[in-house]
Amino acid sequence: MTASLTRTLKLSLALAGALAISTAAHARDQIQIVGSSTVFPFSTAVAETFGQNTPFKTPVVESTGSGGGLKLFCSGVGTNTPDITNSSRRIKETEFKSCVENGITPVEVKVGFDGIVLGSAKGGIELNLTPKQIFLALAKEIPVDGKLVANPNKTWADVDASLPNVKIEVLGPPPTSGTRDAFAELALEGGAKKVEMLAALRKSDKKAFGKVAHAVREDGAYVEAGENDNLIVQKLQANPNAVGIFGFSFLDQNSDKLRGATVAGNEPTFENIAAGDYPISRSLFFYVKKEHVDVIPGIKEFVAEFTDEDTWGDEGYLADKGLIPLPEDERESVAESANSLTPMSM
Amino acid sequence: MTDMSNTPEGAARKKRTAKRYAAEKRFEYIGLAAVLSAALFLVILLWTIVGNALPALTYNYVKIPIDLTTEKLTAENAGSFDYRKIVRNGIYEAVPGVKGRKDRKKLRGLVSSGAAVELRSEVSENPQWIGTKQDIYLPLSDTADLYLKNLMGDITRPEAERKFSDIEIKWTDQLKEQGKIESRFNSIFFTHGASREPEMAGIWGAVVGSFLTLLVTLVLSVPVGVGAAIYLEEFAPKNKLTGFIEININNLAAVPSIVFGLLGLGFFLNGVYLGWFTLGGGFPRSAAITGGIVLALMTLPTVIIASRAAIKSVPPSIREAALGIGASKVQATFHHVLPLAMPGILTGTIIGMAGALGETAPLLLIGMVAFIVDIPGGFTEPATVLPVQIFMWADFPEIGFQQKTAAAILILLCFLIAMNAIAVWLRNKFERRW
Chain A
13 MTASLTRTLK
23 LSLALAGALA
33 ISTAAHARDQ
43 IQIVGSSTVF
53 PFSTAVAETF
63 GQNTPFKTPV
73 VESTGSGGGL
83 KLFCSGVGTN
93 TPDITNSSRR
103 IKETEFKSCV
113 ENGITPVEVK
123 VGFDGIVLGS
133 AKGGIELNLT
143 PKQIFLALAK
153 EIPVDGKLVA
163 NPNKTWADVD
173 ASLPNVKIEV
183 LGPPPTSGTR
193 DAFAELALEG
203 GAKKVEMLAA
213 LRKSDKKAFG
223 KVAHAVREDG
233 AYVEAGENDN
243 LIVQKLQANP
253 NAVGIFGFSF
263 LDQNSDKLRG
273 ATVAGNEPTF
283 ENIAAGDYPI
293 SRSLFFYVKK
303 EHVDVIPGIK
313 EFVAEFTDED
323 TWGDEGYLAD
333 KGLIPLPEDE
343 RESVAESANS
353 LTPMSM
Chain B
9 MTDMSNTPEG
19 AARKKRTAKR
29 YAAEKRFEYI
39 GLAAVLSAAL
49 FLVILLWTIV
59 GNALPALTYN
69 YVKIPIDLTT
79 EKLTAENAGS
89 FDYRKIVRNG
99 IYEAVPGVKG
109 RKDRKKLRGL
119 VSSGAAVELR
129 SEVSENPQWI
139 GTKQDIYLPL
149 SDTADLYLKN
159 LMGDITRPEA
169 ERKFSDIEIK
179 WTDQLKEQGK
189 IESRFNSIFF
199 THGASREPEM
209 AGIWGAVVGS
219 FLTLLVTLVL
229 SVPVGVGAAI
239 YLEEFAPKNK
249 LTGFIEININ
259 NLAAVPSIVF
269 GLLGLGFFLN
279 GVYLGWFTLG
289 GGFPRSAAIT
299 GGIVLALMTL
309 PTVIIASRAA
319 IKSVPPSIRE
329 AALGIGASKV
339 QATFHHVLPL
349 AMPGILTGTI
359 IGMAGALGET
369 APLLLIGMVA
379 FIVDIPGGFT
389 EPATVLPVQI
399 FMWADFPEIG
409 FQQKTAAAIL
419 ILLCFLIAMN
429 AIAVWLRNKF
439 ERRW
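Residue numbers (the working numbering), protein chains in the order written: chain A, 13 to 358; chain B, 9 to 442.
Don't take each hint at face value.
Computed beta-carbon distance windows for the label pairs [as the list claims (entries may be wrong)]:
| hint | chain 1 | residue 1 | chain 2 | residue 2 | range |
| --- | --- | --- | --- | --- | --- |
| 1 | B | Y100 | A | K223 | 52 to 62 Å |
| 2 | B | E439 | A | A39 | 18 to 28 Å |
| 3 | B | G161 | A | G325 | 26 to 36 Å |
| 4 | A | N251 | B | I175 | 31 to 41 Å |
| 5 | A | E279 | B | V106 | 29 to 39 Å |
| 6 | B | K246 | A | K247 | 22 to 32 Å |
| 7 | A | K223 | B | D181 | 24 to 34 Å |
| 8 | A | G238 | B | I425 | 26 to 36 Å |
| 9 | A | E236 | B | R34 | 36 to 46 Å |
| 10 | B | D143 | A | E344 | 48 to 58 Å |
Note that these hints are calculated values from the structure, not bench results. All of these numbers come straight from a predicted model, not from anything done at the bench. For glycine and all other residues, C-beta sits at the position ideal for the given N, C-alpha and C.
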């Protein structure tokens with residue numbers, strides 16, 4: 013017993029040492045994708061189909077958020093950095109600069125649109141909103157009698173007499189989420205511009221305007237419900253007076269349980285978002301590291317699979333997953349520049 | 009002696025006693041209520057998980073005629089052939105008379121998009137089918153499966169509010185009446201890796217990933233942890249330095265696990281640049297080896313503390329007797345103390361491993377929270393683990409994933425219960441009382 017015990021101990025020590033050394037060098041033959049959690053459901057679907065129908069390994073897709081993904085992506089060239097990053101917004105100029113400084117040539121591919129929905133349970137509260145009303149209901153500070161004060165609106169009827177007399181209760185994503193960024197930019201900022209005093213502020217002091225327009229109230233009317241959109245859906249069913257903020261694909265998948273509020277008279281439907289009528293919608297992208305093409309096998313083929321009509325077209329499988337396709341002519345031009353790996357310019 | 013209860017003093021004493029008894033009873037009931045409410049929550053938790061998980065154990069398959077007579081298909085390319093068109097034609101034949109692009113698309117959607125992959129593996133296993141026509145059972149789509157399991161909710165609602173339209177219901181009922189639909193044990197769930205289609209998603213990739221990761225954790229944390237414990241208990245001088253080390257080991261046991269993830273990211277993935285060379289770094293992202301090392305660092309304090317407690321509980325008389333008859337310190341430790349401390353060490357190790365098995369936070373930062381389809385074949389290949397798989401399935405919008413999530417939770421619970429049961433068994437079997 014004792015001798016074998018010592019032997020086992022020695023053996024495991026040796027094994028541990030061997031493990032540590034054996035990983036020092038390794039080549040990668042599998043595409044690595046990071047980035048936005050909004051693009052994640054689409055990117056994974058393409059990755060899976062790509063793995064099934066090509067001789068290449070299935071790419072590994074991580075959901076790190078748009079900002080986190082771009083940070084990893086732009087950190088350098090080499091097999092220990094990702095090959096592709098997904099983003100639910102366009103790359104920022106600062107990010108692009110740091111990318112180029114690190115010797116990276118990003119290729120931009122716009123893949124489609126995503127609508128951000130204010131939804132409630134079927135049979136629950138019914139809202140027909142305008143961006144201005146969304147801002148007045150959810151901003152931290154709003155102008156009252158020419159002065160910025162803490163948001164006094166307690167019910168939707170306080171915001172506008174046409175809305176139901178129900179307490180404002182909104183479940184939405186936390187500040188770390190790209191959905192929150194886009195919501196602040198498209199809905200809140202869009203609404204703030206419609207408020208006279210803030211429109212004037214925007215002209216005189218753009219920074220101060222941005223601060224006011226992007227601040228979400230913290231007095232309990234807006235509840236940060238975490239990144240998990242399924243959780244928001246469940247909470248909405250339990251509380252018919254609550255409104256949730258989430259991506260269109262969740263409304264699409266739960267169309268039997270949820271209803272989307274109209275914004276500026278437009279229902280959040282596939283057609284309205286694709287046509288650009290629904291105002292709270294954004295473009296989705298992915299960025300390819302040109303330096304890794306031909307180093308990591310399959311990148312070109314992956315881009316080809318993503319930009320195939322059967323994938324991202326009107327009848328493609330990504331549309332079934334809730335992606336709103338680009339217009340046909342734009343698809344054509346994006347596919348062409350993507351497949352020829354044309355470097356992007358800001 | 010006179011009866012005290014009649015005096016005013018006696019009455020007061022009686023009252024005090026009654027009060028003390030009442031307090032005792034009250035406390036007993038509060039304790040009982042606490043235990044009962046804990047048990048109730050546990051029952052509710054298990055009830056909902058098991059209730060949600062059971063439908064995931066079976067899956068509905070549809071028998072469709074498969075025409076494998078095409079010349080393009082040979083024994084050589086059977087493993088890489090694109091079977092999508094064959095499956096498509098099969099379902100057209102099974103439900104004849106469907107015209108129009110939209111209806112045909114819906115009909116195609118009745119069969120899982122993974123059916124072609126399933127067919128590919130079946131044909132590769134049965135090459136004698138090539139050139140013939142076969143009736144083969146292929147998985148239905150997740151919505152059709154949910155409908156057959158009555159999990160679609162109220163199907164009398166208006167069509168627009170459902171995920172499953174009237175015509176799809178008609179086709180499914182028709183196939184069911186013809187006896188072409190069969191509910192089978194869901195072997196896909198236990199043999200496949202992750203997938204974006206609920207019907208094609210399996211837990212096997214995560215089970216293998218968890219196994220590889222825990223193997224690395226075990227191999228690293230046990231020898232180092234037990235070695236540290238032996239040194240500190242048996243050999244180390246008691247001075248300020250060892251006291252400082254002891255305090256820090258106890259502190260490390262209480263450090264939130266995400267911090268170990270940050271360490272993994274900073275040291276093992278990126279490396280620390282020290283001016284003239286980089287220390288660490290170069291470990292593969294999303295791989296079992298990196299995850300295992302991070303989890304090993306996380307479990308080390310637990311293993312050390314448990315091992316020290318086990319070694320300490322071996323009576324000094326054993327050591328003294330060994331030393332007394334001429335054994336060296338090493339011999340006394342390894343021949344006598346360690347074997348007697350082994351049950352305690354093993355229990356501590358297993359509990360530590362069970363903790364590592366349920367961990368996600370540190371893995372988030374080293375890229376193991378990722379969508380990985382291929383089953384990992386080695387320590388350096390991308391892998392994910394069970395709790396991460398649960399976390400990701402819970403986040404997918406498709407309704408079919410809700411059952412998968414519950415089933416995966418059940419499997420993780422089974423592993424944890426098994427590990428804890430082994431720990432209890434080992435303790436009972438080998439424990440010695442002095």
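These are the hints, each one checked on the structure:
In this structure, Y100 of chain B and K223 of chain A meet the distance hint of 52 to 62 Å, their C-beta atoms being roughly 60 Å apart. Against the hinted window of 18 to 28 Å, the Cβ-Cβ separation of E439 of chain B and A39 of chain A comes to about 50 Å, which falls outside the hint. Remark: the range hint 26 to 36 Å for G161 of chain B to G325 of chain A is upheld by a beta-carbon distance near 31 Å. Checked against the given bound of 31 to 41 Å, the beta carbons of N251 of chain A and I175 of chain B, roughly 35 Å apart, stay inside it.
Our hint of 29 to 39 Å for E279 of chain A and V106 of chain B holds, since their Cβ atoms are close to 31 Å apart. Checked against the hint of 22 to 32 Å, the C-beta distance between K246 of chain B and K247 of chain A comes to roughly 56 Å, which is inconsistent with it. Between K223 of chain A and D181 of chain B the beta carbon distance is about 59 Å. The supplied range of 24 to 34 Å is therefore violated. Between G238 of chain A and I425 of chain B the C-beta distance comes to about 28 Å, which sits within the given range of 26 to 36 Å.
The beta-carbon spacing between E236 of chain A and R34 of chain B, approximately 41 Å, falls within the hinted interval of 36 to 46 Å. For the pair D143 of chain B and E344 of chain A, the supplied restraint of 48 to 58 Å is violated, since their beta-carbon distance comes to about 42 Å.
The structure is inconsistent with the numbered hints 2, 6, 7 and 10, although it conforms to all the rest.
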